[in-house]
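Residue numbers (our numbering), protein chains in the order written: chain X, 38 to 377; chain U, 38 to 377; chain Y, 38 to 377.
No lab work stands behind these hints, which were simulated from the structure alone. Any given hint could be a false lead.
It does not matter which identical chain is used: a pair holds within one copy or between any two.
Stated by the list, open to error - Pairs of lysine-lysine residues, derived as DSS-like cross-links and limited to a Cα-Cα distance of at most 25 Å, are as follows:
1. Lys368 <-> Lys233
2. Lys360 <-> Lys124
3. Lys360 <-> Lys207
4. Lys368 <-> Lys207
5. Lys368 <-> Lys124
6. Lys360 <-> Lys233
7. Lys124 <-> Lys207
8. Lys124 <-> Lys233
9. Lys207 <-> Lys233
All values reported here derive from a predicted model rather than from experimental measurement.
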Amino acid sequence: MPGPGRSLADLAAHFGLELRGDPTTRIDGIGTLERAGPGQLSFLANPLYRQQLSGTRAAAVVLREADADACPVPCLLAAEPYAAFAKLAALFDTATARPAGVHPSAVVDPSATVAASAGIGPLAWIGPRARIGEGAWIGPGCTVGEDCEVGEGSELIARASLVTRVRLGKRVRVHPGAVLGADGFGLAMDAGRWIKVPQLGGVLVGDDCEIGANTCIDRGAIDDTVLEDDVRLDNQIQVGHNVRIGAHTAMAGCVAVAGSTRIGRYCLIGGGAGLVGHIELCDRVMVTAMSLVTHSISEPGEYSSGTPIQRNRDWRRNAARFKQLDRLARKIAGLSTTED
Amino acid sequence: MPGPGRSLADLAAHFGLELRGDPTTRIDGIGTLERAGPGQLSFLANPLYRQQLSGTRAAAVVLREADADACPVPCLLAAEPYAAFAKLAALFDTATARPAGVHPSAVVDPSATVAASAGIGPLAWIGPRARIGEGAWIGPGCTVGEDCEVGEGSELIARASLVTRVRLGKRVRVHPGAVLGADGFGLAMDAGRWIKVPQLGGVLVGDDCEIGANTCIDRGAIDDTVLEDDVRLDNQIQVGHNVRIGAHTAMAGCVAVAGSTRIGRYCLIGGGAGLVGHIELCDRVMVTAMSLVTHSISEPGEYSSGTPIQRNRDWRRNAARFKQLDRLARKIAGLSTTED
Amino acid sequence: MPGPGRSLADLAAHFGLELRGDPTTRIDGIGTLERAGPGQLSFLANPLYRQQLSGTRAAAVVLREADADACPVPCLLAAEPYAAFAKLAALFDTATARPAGVHPSAVVDPSATVAASAGIGPLAWIGPRARIGEGAWIGPGCTVGEDCEVGEGSELIARASLVTRVRLGKRVRVHPGAVLGADGFGLAMDAGRWIKVPQLGGVLVGDDCEIGANTCIDRGAIDDTVLEDDVRLDNQIQVGHNVRIGAHTAMAGCVAVAGSTRIGRYCLIGGGAGLVGHIELCDRVMVTAMSLVTHSISEPGEYSSGTPIQRNRDWRRNAARFKQLDRLARKIAGLSTTED
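Sequences and hints are given; from them, build the entire structure.
Okay, structure coming up:
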């Protein structure tokens, strides 16, 4: 499907979607329901935005069959409109091609190996014994430290750091400011002073993982910190040493996972949530935003902590009562004994 | 007012403040009430520090008229002493001048444009089609990626990154480690694996905004992520894709705002607070530290969630009762039914 | 003790530990109880892992005397096995030696001074009037700004930034992405717009401190922000301007401390906890994970806030009742008045 635009019929055929409306509709870009204009394809997945459908000026919309009758323009039907849209939108992504070879301003240690088809960007540093695989990209300002390995087709966008003994699988994407393989936070108190516990492990990241901007994944104390395949981490996440994260688990921004905790597969961790150390979450656990998980969870499902947002004046009264809660409960127990 | 020191009378006249005490008092620096010495100007704005006034050895103090009688040294009267002090202190800021021109160690893509009066610092990278405006400064180790634009007089202090399609207005200040324009966290589940939703939008930052150290602002999925003019973000903040932040809103450190949320003007978001995605806050909403906002807010005012800090042994008892709260409430309802 | 391996007897003698079992046991590496193999030394400190002792295939184990009888292999006895292990493990740390001298790709301002035995890594920048002490290491991609000082034997691992007026003591370790000495977040509202309060102070870091990856410590508004000796900060921590942290205090990841707060010595702050500004914590305060400290604490001990993690359906019911808590408490008070 070369050229600047595609017909809706071509898109439907290419992705196996049912088409309703004019098959010759030209699509040459992407837009939201609210703002799309002529030639732009939009989508409806989140019901929150359903009321925008009737007024859309998009050229066409990807949506569920149930929404098709309400759509004022041609549409493509998908059981999962968001996933279908993701694939369609990729056709219109115009990222600049990344050249293979080492930029003259980059510094590559003589003991490192860089595959012929890999690209090392401006002002990047590749350290002792590092290995950069075929088709990989190390962007501007990145540092890849000793004994790190970047697998085939993986990319460090810009100014990211692999510190020590980090191994990335294939097609891993690391965003700017991310730090993988820094020392885990290992301290022992000795005669009134802290002594540092050497962090002799590494970080092992599976295929197809994504690591968000300014996210940190510490290297293990002895064994490795591990992300299995297809783990997706948003920005500003902290993963302590020797954590293990199961395949297909996704975490929203600002999550913190303390050391040695193990998280199952297909878990969804909401933004700002925390997991204390040395616990285990089974597969398919969902944790809502800013909840703190203080013990292991062995049943799939959704978990929460915290209190609802309120007007501060109301919250103050209720919060003050929280401090009396045990006392209140004992009083109630006393009352009910009297009653029963 | 050249020279190393100014008279208090000069300062009063320059900033239109009423002076009490010796107008020839020389001021050549700045100090806190507690530690200021001879020649240093101090201020009293926060009532917490009022008890330090009587003992101050400052040469003079900026304060409200109501505090003037208690001041043992000359003073300048201001309705807003903190704002007045901010302007006064700027006279004593001694930042090193930043040279115009491109440092020989910087790397500028041939397709980028750099204004004549702009400065590109050591080891910075300016990418394809980037545009750096007059008087702008790109500090050491910064990366400015493809199709990014830095407005007149804006500065990236050091080691900050604009990733893709980021446009900064005038006089924007970006602190080290900040990442603007990284991919938003867009994922769709497809046959048991995540697929990435292309992030085709950008980031638009208005004039006079400030972006703290290690703060992240993701680029939009389709439309742009937007900060209106005079938005002030502290360090370690996470702003998801397609968020819109109204003019003059300020956020303390470690706030997280999930995707597509809209925040009004003149809002104040306390440190570590969280806002879930797809909600809307009206103008002049205050959120206290570490509160989680889970729904839209349409009335100005102060909002909170959470529970008070307590001794752990007391907290444990009360927290355990929180898990019984609905049961306790039903019991009370039953009791009161009996009573009523 | 040169050579690839040591005998258990040598290790016992060197560190003053009692040995049980075969003194000729060779140790050439480190492993966990669960995964250690022949030649590897392990340890048992956390009782959570005691059940792994009987099945270990480690060559020897460092443990408390009380656990010795249950140990199937030779052991070294230590009152504090974790501290003993930290010292033992350091023998097996194989970090690459860092060369003295300035890497040709680094940029050093003519007004800076670099000690003869210091090393400046690839693509690092040393700014105006900066001073780098004997044996210090400034790793790849680091920036050391104006008037900063790095004490003897301190190291910036990689891609860390000292911004302005930061002074590090001896043997300080700063991890990648950390930002010390950025502007504090000082704003004053003036006629409907924010004006910036100049940040004229610096950051003073004592000896033997550790600063985690992507952690930020802002410089003071007037006086310095201060970390006393042996303060240990994990990753992603935010320390506001003019905070003071007492010696030997340790903070886990993602803690946020607002401006001008003072923290005592030997405090332990749990992950994701927050401290509001302008408060004071005495020595030996422990704060549990994700708690918010809103007032000064003058008694040592452990403090907490928050609610327990629950199934979301249960949590929803209880959280809804939290909003009625004051009303419920008044009703109970009414009931008990009736009763009493």
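Hints, verified against the model:
Proximity of Lys368 and Lys233 under a CA criterion of 25 Å is satisfied in neither setting, with 50 Å inside one chain copy and 53 Å between copies. With identical chains, the CA atoms of Lys360 and Lys124 are never at most 25 Å apart, being 52 Å at best within one copy and 44 Å at best between copies. In this assembly of identical chains, the alpha carbons of Lys360 and Lys207 never lie at most 25 Å apart, being 52 Å within a copy and 45 Å across copies at closest. For the homomeric pair Lys368 and Lys207, neither the shortest alpha-carbon distance inside one copy (61 Å) nor that between copies (58 Å) is at most 25 Å.
With identical chains, the CA atoms of Lys368 and Lys124 are never at most 25 Å apart, being 60 Å at best within one copy and 54 Å at best between copies. In this assembly of identical chains, Lys360 and Lys233 lie within 25 Å of each other by CA distance neither inside one copy nor across copies; the values are 38 Å within and 39 Å between. For the identical chains of this complex, Lys124 and Lys207 are intra-copy neighbours only, at 20 Å inside a copy versus 37 Å across copies, given an alpha-carbon limit of 25 Å. In this assembly of identical chains, Lys124 and Lys233 lie within 25 Å of each other by CA distance solely across copies; the values are 8 Å between and 48 Å within a copy.
For the homomeric pair Lys207 and Lys233, the shortest alpha-carbon distance between copies (15 Å) is at most 25 Å, but the shortest distance inside one copy (33 Å) is not.
Consistency note: the structure conflicts with the earlier hints numbered 1, 2, 3, 4, 5 and 6.
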